[in-house]
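Chains A and B are the protein sequences, given in the same order.
Quick note, the first sequence lines up with residues 1 to 488 if you use this note's numbering.
Quick note, the second sequence lines up with residues 1 to 970 if you use this note's numbering.
Hints are not guaranteed to be accurate.
[What the hints assert, rightly or not] Looking from chain B toward chain A, a few residues come up when the C-beta cut is under 7 Å (computed): (1) N196; (2) D197; (3) V199; (4) A206; (5) W212; (6) G216; (7) P223; (8) A227; (9) H231; (10) R234; (11) G236; (12) I564; (13) M565; (14) M566; (15) H570; (16) L571.
What the hints contain is simulated information worked out from the structure, not anything from laboratory work.
Cβ coordinates follow ideal geometry from the N, Cα and C atoms, glycine included.
Here's the letter readout for the chains.
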Amino acid sequence: MGKITGFLEYERLEEGYEPVDKRLKSYREFVIGLKEDEARIQSARCMDCGTPFCNSGCPVNNIIPDFNDLVYRDDWRNAIDVLHSTNNFPEFTGRICPAPCEAACTLNVNDDPVGIKSIEHAIIDRAWNEGWVVPQPPSSKTGRSVAVVGSGPAGLAAAQQLARAGHKVTVFEKNDRIGGLLRYGIPDFKMEKSHIDRRVEQMEAEGVAFRTGVLIGALAGDGKITNWARETVAAEQLTQDFDAVLLAGGAEQPRDLPAPGRELDGIHFAMEFLPQQNKVTAGDKLKGQITASGKHVIVIGGGDTGSDCVGTSNRHGAVSVTQFELLPMPPEHENKALTWPYWPYKLRTSSSHEEGCEREFAISTKEFMGEKGKVTAIKTVRVEFKDGKMIEVPGSEQILKADLVLLAMGFVSPVASVLEAFGVDKDARGNAKATTEATGGYLTNVDKVFGAGDMRRGQSLVVWAIREGRQAARAIDEFLMGSSALPR
Amino acid sequence: MYPLNWGSQGVEAKLASLCAEAVDALKSGHNILIITDRRLNREHVAIPALLALSAIHQHLVREGLRTTAGLVVETGSARETHHFAVLAGFGAEAVHPYLALETLTAMHAELPGDLSAEKAIYNYIKAIGKGLSKIMSKMGISTYMSYCGAQIFEAIGLKPELVEKYFSGTATQIGGIGVFEVAEEAVRLHKAAFGNDPVLARMLDAGGEYAWRTRGEEHMWTPDAIAKLQHSARSGKFETYKEYAQIINDQSRRHMTLRGLFEFRLDPARAIPLDQVEPASAIVKRFATGAMSLGSISTEAHSTLAVAMNRIGGKSNTGEGGEDKNRYRNELRGIPIAQGTKVSEVIGADVVEADYELQAGDSLRSRIKQVASGRFGVTTEYLVSADQVQIKMAQGAKPGEGGQLPGGKVSDYIGKLRHSVPGVGLISPPPHHDIYSIEDLAQLIHDLKNVASTASISVKLVSEVGVGTVAAGVAKAKADHVVIAGHDGGTGASPWSSIKHAGTPWELGLAETQQTLVLNRLRGRIRVQADGQMKTGRDVVIAGLLGADEVGFATAPLVAEGCIMMRKCHLNTCPVGVATQDPVLRRKFQGRPEHVVNFFFFVAEEARQIMAQLGIRKFDDLIGRADLLDTRKGIEHWKARGLDFSRLLHQPDAPAEVARYQVELQDHGLDRALDVKLIEKARPALEKGEKVRIMQDARNVNRTVGAMLSGELIRHHPDGLADNTVFVQMEGTGGQSFGAFLARGITLYLIGDANDYTGKGLSGGRVVVRPSLDFRGDAAKNIIVGNTVLYGATEGEAFFRGVAGERFAVRLSGASAVVEGTGDHGCEYMTGGTVVVLGKTGRNFAAGMSGGIAYVFDEDGQFSKRCNQTMVALERMLPAAEQTATQDPAIFHCGQTDEVQLRRLIEDHYRWTGSLRAREILDHWEASLSRFLKVFPHEYRRALGELNARNETAATIAKARESDKPTVKA
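So that you can see chain A by itself, here it is in the shape it has in the complex (with noise of 0.2 Å):
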């Protein structure tokens, strides 16, 4: 708290962004972090509370007031420390974190909380900048060796605070470029992948090996998860090679939505449409590209993933695009006297929607139709829900035109074919089955294999896959050295 009465002085400064026309024609991010002078006088905001509800609001129980402090009496240096302290890539955070911090900030009971976020993201650049952020490599190594199976925030945190124990780490990943969802499923325009690049070269200096191209076990299912891997290892294999094993490779199956006209062309999972083009991004070429062009498209999920997908659209230049959210509108503000320091369910309008786009709530998809085996319109319903129960609203259906349909209704659970591999239990949700406990959490039913991140939780935030990656380090390094001095 640089200043006592800074909350009553100064108001909340959200992010710029770049004007929509300006960003549609560019995958670039168009988000303008706050300036310095801006980031201190939104960290002035900050009151230093008896009880921080953000630092356990944040999943990775960031120590927000004491950086706030630090950026207020500009200790540049020390803030990203004590970031550091907590959570291994505030980038990606500061970029895409909805900011659970936020929503429990104390200022958020009765006013606008701190902008938690901009400043978290402000540290983490200028610590790039200036080039504050090294590798940390281990002063001595102690001849362990783990594989991490997953490239996404779960094991990349785990692969990192690995490392720097001193452990041999190597992490695979079946796809061609390091980063999972954050490489292949995060648009461009939301966090540029040079970021990713930037960690990878750090890690790799701290003794971290990468194996791209590498599916470890099995990959079953009907070739829609995106697999660009070369070669297959067993999972016998990676048991006997090292020491520990940790399955980080996310919740990928996707959910699908077996109306009839399924099979018709042209109805994607959002998963099969954005890789492609953050490879595409990157400068690869790709035949036969899934694009949104001139096209009508309906996105069928109102979440995250759904906005990137209406992003992404509008950037191919689609004609129309429409998204669908089966649950009604919800309030646009919270009754924050039952909410705070929750997460609300409140009305949320990202950037992309803002780019432009029909957000369709309280609709469900009966048919989709097409001719020649291509999707050309969908026939929908308006749904109530009456004591917890969706029903059907008599007359009230509706065919809309669509030339693409993208599924992001979000994921059931990881590829079971992973887990089977490795003989790993699965919880009633299909999720590698393993506890948080702080000790014995993560270790799966079989030695040795830990599991972390959406693969053990199911689908979540990139944050809570870091929470999750930094403590199953912890937990392995315990197992293999009886005892650890990595953080919790």
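Fit chain B to the known structure of chain A by using the hints.
Quick look at chain B alone, frame taken from chain A:
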């Protein structure tokens, strides 16, 4: 220090050799021993400085060598005031905190302000020194030499063998860890320091001691606990409350409280159906809210608690800051609040920022009226409006200290209620100036019982070793009620050193109190309340089992009405309008009585469920049943293993017919009071406002004359009666507390003399004491009234033709008094009113005086030496014409020139007492005037100036407010 590889087992041998070395050193002629941990390194672990010091200190004492040696501790572990205090208390003549000093040298440039390293160190040492003075003053110790080795500490969680050997003479009640565990902790710390924890490579641990941190020290209030409690209170969902209670009750099992280490002795055969347990509505009547003053918390937060407690039939507590009479006057007149009445319509729109509608029959009256050492706002009417009057002897969280309200929170309104100066911080003195012994306490109980004869009198004590004996004394002193407060409260503006390190758990004090009272067959006469971070039904039941009839809650209901544990109470910046007086922030207050009501019913419901499991139908049957409690089995923590609660859970050996809970009322002997006669004779005045003259002998066996009469008068006429309506002329010797709380309209005219506490709490009446007609000496040289006269007097007049004892007009806050000389400490802590002294004063006059004016006739020209001028200026008296010409009338006391006021008071004094000294002064007025000195507090001068400046612009501000309500972001 000793080699790390010896492990924790190595500590004993090293301590023994240290002791031997110390003896050798002294015998070889050295006389200063330095105990140091400076040379610790990766291979050598330091013995905790306190342990090493105390071991050597005790050893030298036993060897009879201690007085030949000086012990100096050089340690990196001493940082905070408390660390120094403990080292001093266990024998360190000097402490060198080298690490703290080196740290300051390293970081001085980063600190705010342009500090040199020397200046930073100077400031640090000064701060530690001030902190030590404060701690010593709490214990009533004046010099370091007396504090050094005095061991004013109680150990909690140390094994008796350890204490006996190394901290001989310190009380330790529940056992705990031994010397090896102490060393083990040191070894662990050492390993962490020299370990390779990546987070600690460049930074210190997140801590979390003073503000919660996820990976820091555990706190009872976690973000989730606060959120769940608030959501349950607002939504009325018991399931959400149970989530809250789960967090709290569970975390108490994480070894944060003694009760967390207990479990109930459940026997399924004894369990009864829930519906056979008395209803929650009966249990909530045993609940009270804690003494959080209006001032420390906002009027919104304060009155919401009151409304809630009145709705459930519990009791809220004013705290020590007085209470706005608008909150109770109509109720006492029998005019109920109607449905839909707004809070602002009761208290006044100008003092309420967050308004809401009340229910029919609501009451904003705090049923418990607190009387603390500051006596803020303690008037007759205040006392008469009480169901219970609570004498705060000490506060659980900060025993030995008075309440402290920072200047920023003393708004005009708060200042008015407290009869003090706005903007001036208020620190209540540690002791009550009228209590220096248990007899004095009995006297105060008697005084209060006389004024508020329908109220019960409560005495608030803090948990400590020996509190049982004190409680027994309190019961014999005729208190109706006693509170045993634990240490773990004090979230507000209390000093951190007190919050963290002072006081003991209520479990200890309550158990001792119960056992002592039962053994002495006193328990049936007094009601016992336990208080201190009570949060759940489990806490309530445990308090009952250990002997409480009632339970007090403070933080939890505050959280229910919106507190989010910001811990910014001392800064006046509470963002939810609870602990602030800033109108902008108070507007954000969102608490409602129903939130608090919900919370208390949930707590009672949880308690009922436990009672059903225990097979207890009524709360009364629960009280004192410590046999239903057991030490929790399988306490896993390595430091919890040696705990032994058998003393705490002991059942006193008393016959079955001895009461275990309150069953009878105290006999206060009010029917024998002289006032019974006075009231009879004053009937025409009380009932019809007619003038009454009464003649009465005065005898010193009649204590507290006039108080019951005043209480009766105020019950009929809240504003009092016209001056002199009841005139009581007495002759003889007035007993103690003569004219205490005398109400407006009553004059006690005494010919003779009077004892201590004359005019205590004077509330508008007049007390005159003039010497007996037989007296032949010089009145101006002879004592006429005792000590501590006019303590806390808020209004009225007093004329004493003669000299008063010590502490004359302490905490005077509004009355006027003329006296012909005083003992030491006159006008100490005075905040308002006018005192005229026509003769010599004692030493330390005006210490801590922040308001009002004293005019002192400087007979011998030496007054300036006897006056403590830390907070006041001495000014020459100006003739009225000169004062008008040269001074801004804005800073005139009471809007009049000094000469006019002084002359009028002396004339009145002469008229009432026939004082020769007054006559003489008046006869030579001009010459006399120049011999008077005006004692003018700096703060008062500032406040007068500001008040006046405000008045001038008040109209403008009011207008601006009307047209455009200021927003938060002004």
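Hints versus structure:
| no. | hint | result |
| --- | --- | --- |
| 1 | N196 | holds, 6 Å |
| 2 | D197 | holds, 4 Å |
| 3 | V199 | holds, 5 Å |
| 4 | A206 | holds, 6 Å |
| 5 | W212 | holds, 5 Å |
| 6 | G216 | violated, 9 Å |
| 7 | P223 | holds, 4 Å |
| 8 | A227 | holds, 5 Å |
| 9 | H231 | holds, 6 Å |
| 10 | R234 | holds, 5 Å |
| 11 | G236 | violated, 11 Å |
| 12 | I564 | holds, 6 Å |
| 13 | M565 | holds, 4 Å |
| 14 | M566 | holds, 5 Å |
| 15 | H570 | violated, 11 Å |
| 16 | L571 | holds, 6 Å |
Violated hints for the displayed structure, listed by number in ascending order: 6, 11 and 15.
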